[in-house]
Each structure stands twice: as C-alpha cells, then as structure tokens.
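Top to bottom, those sequences are chains A and B.
FYI, numbering that gives the first Met the number 0 numbers position 135 of the first sequence as 134, with every residue one higher than the one before it.
FYI, numbering that gives the first Met the number 0 numbers position 26 of the second sequence as 25, with every residue one higher than the one before it.
Hints may contain errors.
Stated by the list, open to error - In silico DSSO-like pairs for lysine-lysine, Cα to Cα no more than 30 Å straight-line: (1) B/LYS25 x A/LYS881; (2) B/LYS25 x A/LYS751; (3) B/LYS48 x A/LYS273; (4) B/LYS48 x B/LYS25; (5) B/LYS48 x A/LYS883.
It is worth saying that the hints were derived from the structure and are not from the lab.
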Amino acid sequence: MKPQPFRAVSGGAIDRTRTLGFSFDGRRYEGHPGDTLASALIANGIRLVGRSFKYHRPRGILTDGVEEPNALVQLARGDRTEPNTRATQIPLTDGLVAASQNSFPSLTHDLGAAAGLFAGLLPAGFYYKTFMWPEAGWRAYEYLIRRAAGLGRAPRLPDPDHYEHRHAHVDVLVVGGGPAGLAAADAASRAGARVLLVDQDLEFGGRLLAEPARIDGRPAREWVAATVAALAARPATVLLRRATAFGHYDQNLIGIVEQVDDPAGRAPRQRLWKLRARHIVLATGAIERPLGFPDNDRPGVMLASAAQAYVNRFAALPGRRAVVFTNNDGAYAAARDLKRAGIEIAAIVDVRARPDDAVSRITGDAEVSCLGGRAIARVSGRRAVQGVELMQLAGSGARLRGASAHIDCDLVLMSGGWTPSVHLYSQARGKLDYDRRLGTFVPADREHPARSAGACAGRFALADALADGGAAGAAAARAAGFGDGSVPPTPPVEADGEAVPHPLWLMPAPPGRRAKRFVDFQNDVTADDVALAVREGYRSIEHVKRYTTLGMGTDQGKTSNLNGIAAAAAALDRPPGAVGTTTFRTPYTPVTLGAVAGHHVGPALDPLRVTPMDGWHAQAGAKFVNAALWRRAQLYRRAGESELDAVNREALAVRNAAGLVDVSTLGKIDIQGRDAAELLDRVYVNGWRTLAVGRSRYGVMLREDGFVLDDGTTSRLDEQRYFMTTTTANAGRILMHLEHLAQIVWPALDVKLTAVTDHWAALALAGPRARSVLEALRPDFPVDDAGLPYMAWREGRLAGLPARVFRISFSGERAYEIYTPADFGRALWQAAIEAGRPHGLEPYGTEAMGVLRIEKGHFVPGPEADGRTTLDDLGLGRLMSKSKDCIGKAAAQRPALVAPGRKQLVGLLATDPAASIPVGAQLVLDPARPPPNPMVGHVASLCYSPTLERWIALALVRAGRDRIGERLTATAPLLGRRTEVTIVPPVFVDPEGTRVRG
Amino acid sequence: MLLISCPWCGAREETEFAYGGDATLKRPDPARADDAQWYGYVYLRANPKGPHDELWYHAAGCRRWLRVTRDTASHAILDTAPVDTSRGKPDSP
C-alpha cells in the first residue's frame with residue numbers, strides 16, 4: 000500500500016487517526032473514515048475510473064454526488080456484487096472492493112476504445128441507420144454492439160441479503176438535509192408536526208459540507224451539527240440519512256430507499272419506505288451545470304463545485320495545477336478554496352468579457368490570472384488532462400478566433416451555474432418556468448403540489464435558502480394543523496453570493512477541427528449529436544432525447560439535460576423555455592430489485608392457501624401444484640411409477656373402484672334472504688324456483704356480454720337459504736359479481752351473501768364403490784338411492800363428524816361431495832381413506848381429476864370457456880331458460896353469438912391409436928397448404944385416457960358438431976409436431992350418463 | 000398507489016380494492032331494452048378528464064361497493080360514499 004499522495008495534510012471532515020484499506024481494480028489503497036470511494040480515489044491520485052458507454056473513452060470523476068455520470072463502479076464480488084454504483088455516494092469502508100466497468104482487458108488498455116476510431120459510424124440514432132444491411136446480419140451485430148456497450152454486470156448468484164418494506168405516515172416530509180431542509184424540518188417540528196427528514200448523503204448539511212460559510216457566528220458545520228442534534232431530540236421527528244426519496248406517487252406517496260448500515264449484517268441491506276406525507280417540503284438543492292467544450296470529458300475535467308467539495312470536505316486534492324473555466328462567479332470561490340488547499344490556479348478563464356472585479360472580490364487575490372472573453376478550444380491528454388488551449392470568443396460566443404494559447408494543467412474545473420433539482424416536484428406534476436436570469440427551469444408554483452425551498456426553487460444564496468426553508472416548514476406544519484405558521488428567526492450568515500451565469504454554456508467548436516463537446520457524459524451524446532437530430536427533423540425534445548439517448552442513462556441526465564435542451568434550442572433557434580424539458584420520471588436514482596421485492600421473494604412471493612388436508616397430502620408424498628394461490632395435490636406417485644403411471648392408476652381407481660380427491664378449494668357462498676331464489680334465477684341461465692329443499696342443481700353463469708363466466712352446483716339448504724359452489728379459480732370473482740348485483744343493480748332484493756370457502760373442507764368420493772365407502776363411514780342418515788338420490792344432499796354425521804353430503808359428480812361416476820367444518824377436514828379425510836381401503840379406494844390429485852373430466856367432456860373456465868365461448872358453443876344451449884331473464888341473456892342473443900359456423904366443443908381422437916396429440920395445437924384441414932393456412936379450430940385440453948387407452952382431447956372447432964367423423968390435422972409448429980385427429984362427440988366415457996346413477 | 004377512504008373501514012390502500020368502472024351506468028330493463036341500449040351498457044364507456052364517478056369494491060375489507068369520485072387527471076379522490084345504504088349507514092370510521 001502507498002501513502003495518499005493527493006491528501007492535504009490538514010482540513011476536511013475525515014478522521015485521519017484511522018485508516019481504511021480498500022481495493023480498486025485489484026490494487027490496494029488507503030483512505031479514512033468520512034471518505035467516499037470517490038474522495039479516496041482522488042486522494043490516491045486515481046484519475047481514470049471508467050470507460051464511457053459508447054466510445055469507451057477514458058473517464059474520471061466529474062462530480063461529488065448523486066449526479067455522477069462517469070464514476071460508476073462494480074461494488075463487491077460474488078453474491079454481493081452490485082453494478083453501476085456511484086463512487087461518489089459509496090462510504091468508504093475497510094476492505095471495500097470496487098472495480099471499473101465497461102473495459103476489456105483493463106481500464107488503461109481497453110480494446111473497446113477502438114469504437115472511438117469508428118465514431119463516424121456511430122452517430123446519433125446509429126442503431127436506426129447503420130448495421131441494417133444485410134438484414135440478417137443485424138442479429139450478429141446487435142450481439143456485438145450490446146456486449147461492447149454497457150455498464151456493470153448483474154450478479155449471477157442468489158442475493159444473500161434481505162430487504163424490507165416499511166409503511167409510514169408523517170405530517171411533514173422534508174426532502175433534503177441542506178440548509179433549506181434543516182431549517183424547514185426545524186420549523187415544522189417546532190410547531191409540533193410529525194416530521195421526517197430524508198437526505199441521500201452520508202451526513203446532513205448539503206452544500207454546507209463543501210463551502211466555507213458561517214451561520215450564527217460559527218462555522219456552518221457546527222450549526223448543522225447543533226440543528227441535527229436538536230431535531231433528533233424531538234420525539235416525533237425521524238432523521239434518515241443515506242436515504243433517497245426516489246419517487247413521488249399519487250396522493251403524496253413517497254418512495255424512499257434507505258441504505259442500512261449494520262456491520263453485523265443482520266439488518267436488512269436496504270429498506271424501502273412507502274411514506275404517506277400530508278405535506279411535503281422539497282429542499283432538494285441544485286446540481287452544478289457543466290460547460291460544453293472540446294474534449295470536456297477527459298479525466299481531470301471536473302465540476303468546480305465538486306473540486307471545492309473534495310478539498311474542503313475530504314481534504315482530497317483532485318490535481319496540482321488547475322485551470323478554472325466558468326460563466327459565473329461561483330467558480331471563483333472554488334478557485335479560492337483550491338488555492339488555499341495548495342493547488343496552483345494556473346488561470347481562471349471566464350466567458351464574460353470583464354470578470355476582473357470577481358477575482359479580487361471573491362478570491363481576495365489579485366495575483367490569480369483571470370482571462371475574460373475566452374473559452375477552452377482544446378484539452379490535451381487522453382487518460383489525464385495535460386493542458387488546455389484557449390481562444391478568444393467572438394460574435395457573442397458564436398465563434399472562436401485568434402491565436403490559441405496553451406496552458407499546462409492537470410485539472411480543469413468547469414462551472415455553468417446551477418440546475419435546481421426539480422425531479423420530485425415535476426413527478427408530482429408541478430409545472431416549470433424558464434428563469435432567464437438563472438438560465439434554468441424553476442418551479443412555477445413554490446407551494447403546489449409541494450413546497451419548494453432553497454436552491455431547488457432557484458434561491459441559491461445561503462441566507463435565502465435558510466429563510467425559505469423556515470417559511471416552507473412552518474407553512475407545511477400549519478397546513479397539517481400544527482402551529483400558526485410563524486417562522487423562526489433566520490440566523491445571520493456569512494457566505495459566498497449566488498452564482499448567476501452568463502448565458503453561454505456550449506462553446507463554439509474551434510475553426511477547422513471536429514471535436515466532441517459532450518453534453519451527456521454517461522450516454523456519450525455530444526452537442527453535434529443533438530444538432531444532427533434537429534437537422535434530421537426531430538422537433539420535440541422528447542423525440543430528440545430518444546433519438547440521441549440524451550439523458551437516458553442510469554444518471555437520468557442530471558448533469559446533461561439542461562445542456563441538451565440548450566443545444567436543441569440553439570439548433571431550433573428557439574428559446575430554451577419554448578423547447579421545454581423532458582418528463583421527469585421515477586426513480587430519481589436507480590433502485591435495486593431487491594428493495595422493490597422486499598420480503599416478497601421465494602415462498603413469500605405470493606400468499607399460499609392450503610386446505611385442511613394439506614398435511615396429509617404432504618405425508619403421502621403428493622406432488623403439489625399451485626392453482627389460484629392454493630397448493631393442491633397434483634398426484635401421488637408410488638415407488639417405481641412415472642407421473643403418467645400414477646395419474647393413470649388414480650383415474651382407473653375412480654372408474655373401477657373408488658377415489659378420493661380434496662376439493663376444499665372450491666368457492667363456497669352462503670346465500671340467504673327472501674329473494675335468494677330470485678337472485679339465483681337472475682344470475683344463472685337456468686331456473687331455480689322449482690328446486691326443493693334438500694336438492695342440488697347444476698348451473699352456468701354468463702357475463703353481461705353473453706359469454707360463459709363460470710359453473711357449479713347450488714343446493715337449497717332451507718326455504719330462504721342456498722349453498723353455492725364456484726370453480727376454484729373464480730371464487731373471488733363470482734363473489735364480487737354477486738355483491739355487485741346485490742348492492743348496486745338490484746338493491747331492493749332481500750339477499751345476503753357470505754363467503755364460506757375457508758369454513759368448509761370438501762372431499763369428493765367417486766367411483767362405482769363410492770356408496771360402499773360412504774356406508775363404511777357409518778352415516779347416521781340413509782345413503783341408499785332412495786334416501787340420497789342423484790342431485791340431492793343430506794346432513795348428519797360421518798365417522799362421528801358433522802357433514803353435509805351432496806350427491807353430485809364431476810367424474811361421471813357415482814360420487815358424493817362431502818363437506819365438513821374445516822377443522823374436521825383432515826380427520827374425515829383420514830377416516831375415508833381407511834374406510835375405503837378394503838374397497839380399493841385411492842386418493843387422487845388434480846391431474847387425475849382433469850383426466851376424468853376430459854373423458855366426460857366437462858368444460859372448465861379457462862381452456863374451454865375462454866371468454867369467447869357461448870353456452871351453445873359448449874353444447875349447453877338447452878340449459879337456457881326461456882321463461883326468465885338472466886345476466887348476459889340479452890347479449891347472448893346478438894347475431895354474431897348465434898351465427899352458424901361458430902367454434903363448438905367437440906372431442907378429438909388421434910387417428911392412430913398410438914399417437915399423442917400435441918399441446919396447444921391448431922387444427923387445419925390440410926397441413927401441406929402454404930401459409931396462411933386457415934385454422935378451423937384449436938385444442939383446448941388433452942390427456943392420455945387410461946380408460947380408452949389412447950390420447951384424447953377437447954377442442955373448439957368451427958361448426959364442430961356437424962363435423963363428427965371428419966379428419967383434421969392438429970399442428971403445433973413451435974413444437975414441430977403434427978398429428979392427424981378425428982372429430983368425435985365430446986363425451987368419451989359413458990355418453991348415456993348411466994354410471995352416475997348406477 | 001391511491002389511498003381510498005372507505006366509509007365503513009377508513010382510509011385504506013388501493014391494493015385492498017377492486018375497480019368496478021363507471022358508477023353512473025344503469026342496467027337496462029330487460030323487458031324493454033333494445034340492442035342499442037344493451038350495447039351502450041355493456042361496451043360504451045366515457046373516458047372523461049377530470050372528476051369521474053366510479054365503483055370500487057373493498058374486496059379485502061368489508062366487501063361493500065363504494066362510489067368514489069376520482070379526478071382522472073390528478074388521481075385526487077374527491078369523495079367516497081357507500082352505494083347501498085339500504086342496510087344502514089356507516090359510523091364515522
């Protein structure tokens with residue numbers, strides 16, 4: 000390890016008594032607590048930190064904060080690696096490992112930099128223009144281009160950390176912990192409001208950490224510490240640092256992502272706050288604006304404010320000899336501070352013709368050479384700045400002239416004034432005005448939709464920011480019902496004044512030489528790219544942005560948008576205010592997917608519903624399947640069986656002996672009231688008035704547009720009480736549908752609905768020996784065919800447990816659906832399994848249940864009732880009552896829904912009994928016909944039928960019921976499979992329906 | 000995410016609710032309605048900018064349908080009221 004050659008011997012807010020070791024690109028360095036990774040790299044003299052996105056140009060650290068476009072590093076290794084992190088925001092920790100991105104084989108010798116040689120082939124919108132011929136080549140080019148372009152690498156290993164979500168409500172949220180934000184939080188919390196103050200930096204203070212101001216007669220840092228301590232002592236105030244308010248959503252919902260520091264590693268790595276704020280004060284500050292001049296992206300070109308922060312806050316020296324290039328007074332203060340820290344100021348170059356006064360006024364040092372009316376025409380040095388060439392500005396900054404003068408330097412500071420951070424204000428739909436004096440966009444309304452205070456409102460002077468913040472905090476608290484809005488007195492300050500830029504940001508190119516003047520550093524967009532887009536006809540700034548990729552990097556154009564707008568405005572010959580801004584979108588800074596997911600990962604991704612018999616299924620070795628949030632037993636495989644073997648065995652047990660399936664997932668609705676039968680009559684296609692107490696009936700519901708919605712059985716429990724079942728998938732939807740009808744469409748009906756899905760366990764006992772099994776369960780009520788006929792139900796005790804037994808069948812066999820209160824479900828299931836063993840009873844899963852229903856031609860919502868099928872399409876037209884209305888009946892009579900030639904439900908057999916039918920197949924008459932080949936239908940459900948010992952399918956085929964016996968080809972081009980099939984009626988097993996009664 | 004004040008349960012997050020569309024639609028009288036009326040009821044929806052009366056169902060709460068007046072441009076919720084008050088009115092939540 001080497002000493003830190005660019006660390007000032009004194010000053011700064013770092014702890015020199017402790018040393019932290021870290022590595023960058025495999026080399027070891029040292030820094031101190033209080034450093035960011037960026038400041039530690041600077042203190043170690045590292046100037047080259049990355050390669051640019053498109054041209055692979057060498058890049059250095061440009062800024063000291065969230066806006067950093069260049070210094071994006073791959074942090075950590077292995078399962079904790081994180082790409083594209085901003086070195087300027089990473090607190091230095093002992094053992095930190097970071098690596099540069101987008102370079103191969105190394106940062107200093109990057110092969111991708113050859114892209115720079117072909118820059119002429121990569122103009123704005125190049126991916127729309129070049130590499131487009133031959134057409135087939137694009138795939139290969141695209142692969143190479145995408146590999147060459149790009150940032151860090153996503154981790155490939157599971158994330159070992161966890162992330163959490165926190166929901167909170169506050170009266171006043173203050174975003175930004177600089178002077179305005181601290182004053183706002185202080186005023187609001189003094190008034191008694193619950194306040195949350197959030198700041199993205201390692202510590203509170205904002206620009207006060209970087210500028211040598213005095214507040215209330217003491218150094219600003221001391222004022223910050225005292226204010227933070229006072230806030231922390233107030234019970235209803237929460238202070239979050241290293242937390243970014245990244246998005247404003249509807250009704251003042253604010254997304255905040257907080258970096259949690261926990262050396263023990265037990266706390267979440269990040270915490271996502273979903274914060275509801277009654278009122279918001281935005282004190283989000285401002286970002287210094289770069290200047291556009293040739294090769295302004297070379298490592299060693301830095302924002303003046305950033306250099307000032309590095310020397311004042313971190314005692315890190317970004318160079319030895321600096322040229323300062325500015326269009327405003329602000330950079331003079333930076334020059335003064337750098338000189339004080341021992342950096343030689345070779346010259347201050349000012350675009351303004353007569354800035355002489357600023358030199359002595361701000362720097363207090365007439366010896367600093369100040370060159371007015373000039374601009375940088377060239378930067379020499381590739382991997383590090385070696386010097387600049389200056390030329391005279393002429394024609395109000397339209398061109399350069401005269402001889403060029405060379406100045407040696409290893410650091411160039413640039414300053415173009417300040418850009419208010421209006422992101423959250425704009426996300427909240429606040430409108431912006433162009434402020435000609437400040438040359439930037441500012442909030443048009445400083446009170447709505449959030450209160451903007453300080454620099455983000457265009458109030459750059461420290462005294463203004465403090466006064467603004469106090470007033471906004473007091474007003475927000477008052478609006479939330481706290482205090483009388485009176486503003487605490489603003490303390491006296493001594494600070495540098497506000498920086499008002501001269502309106503020249505994009506310097507002219509030197510005559511006779513092409514040079515890149517970067518506007519967007521992260522996406523490699525130059526002023527000429529923007530001008531080209533305008534020449535090619537793009538007028539809207541939103542289109543210019545997308546065509547050039549201006550502002551579309553991970554930094555979202557924080558340093559580039561204004562200069563891009565200025566370049567477009569110049570090319571369009573319109574004022575920037577008329578060009579406008581692009582839309583500010585969330586998130587302000589990238590948010591990791593881990594934080595978004597929170598604890599909703601793995602098994603906690605979705606709620607999991609299990610039936611009362613779930614534990615039995617698990618013990619029996621069931622394979623589970625998730626269906627509509629339920630975990631269901633799919634099949635029970637025995638040793639030596641394939642899955643298909645198991646399904647065949649289970650289905651055959653039902654056909655030949657008995658089977659037991661868990662159907663607790665069916666939707667169940669208890670319907671009561673004088674008008675319960677009337678409601679059923681209105682929602683089902685068939686009639687319900689004649690259904691007697693003790694009987695059950697099958698019904699189908701339509702949607703109001705006439706298509707089939709759902710089916711199920713409903714039983715009459717009592718004069719005014721019914722028990723409805725729905726399909727598993729539609730349980731919630733049907734309840735909502737019925738509640739809509741009962742509460743809104745027919746509020747006069749006396750009917751009440753109660754969801755009882757989870758109150759009841761349900762098991763279906765099916766097969767020719769089902770009655771024997773039922774009898775073995777010692778019912779205390781008659782279960783013979785006279786006592787419990789088909790489509791009837793009885794209540795009593797089974798195996799000593801309370802039960803309702805409905806004689807209804809989904810499998811086509813004699814069957815009983817047995818309902819028992821959920822807590823008895825497993826006991827009754829266990830009893831039925833044991834009672835059934837002598838009768839050959841097998842438990843069966845959803846897969847065998849599906850086989851049985853396909854063999855019987857029963858439709859289910861989804862595959863067959865797919866939202867485009869009518870009752871008649873499913874062969875159930877006769878169910879429709881002629882004597883009453885129901886939901887969907889009017890629409891079901893529309894001409895298109897009753898026209899001939901509609902797709903109808905039919906069965907399919909593979910013509911070759913040994914052949915299978917491909918999944919998802921389309922049905923065609925002649926597979927050899929060249930496309931477009933008209934499709935006459937499609938396969939909806941298919942299975943191997945162990946009863947028929949061949950593959951069968953249910954299909955929807957045009958006029959299918961008239962085509963029984965016809966041959967079609969089932970073709971699945973994506974699988975590369977086709978099979979000849981024969982159309983048959985949809986009921987494969989027991990078409991006469993004798994077995995349910997037999 | 001919207002915060003919807005259920006008149007029965009209080010302010011709750013949008014994720015507890017299901018959207019039910021235009022609250023002003025009236026189901027045609029099946030005895031008298033013609034095709035055009037059914038067409039309008041089933042398919043035609045206005046897409047107003049500004050205040051919109053719409054139905055929301057408190058699916059993960061009281062299962063009551065609510066009439067919510069929402070500004071479709073700003074997403075501000077201007078009013079919420081029970082649709083069916085035939086079985087009583089909410090206490091103040």
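Hints, one by one, checked against the model:
{"no.": "1", "hint": "B/LYS25 x A/LYS881", "in the structure": "holds (24 Å)"}
{"no.": "2", "hint": "B/LYS25 x A/LYS751", "in the structure": "holds (22 Å)"}
{"no.": "3", "hint": "B/LYS48 x A/LYS273", "in the structure": "holds (28 Å)"}
{"no.": "4", "hint": "B/LYS48 x B/LYS25", "in the structure": "holds (21 Å)"}
{"no.": "5", "hint": "B/LYS48 x A/LYS883", "in the structure": "violated (40 Å)"}
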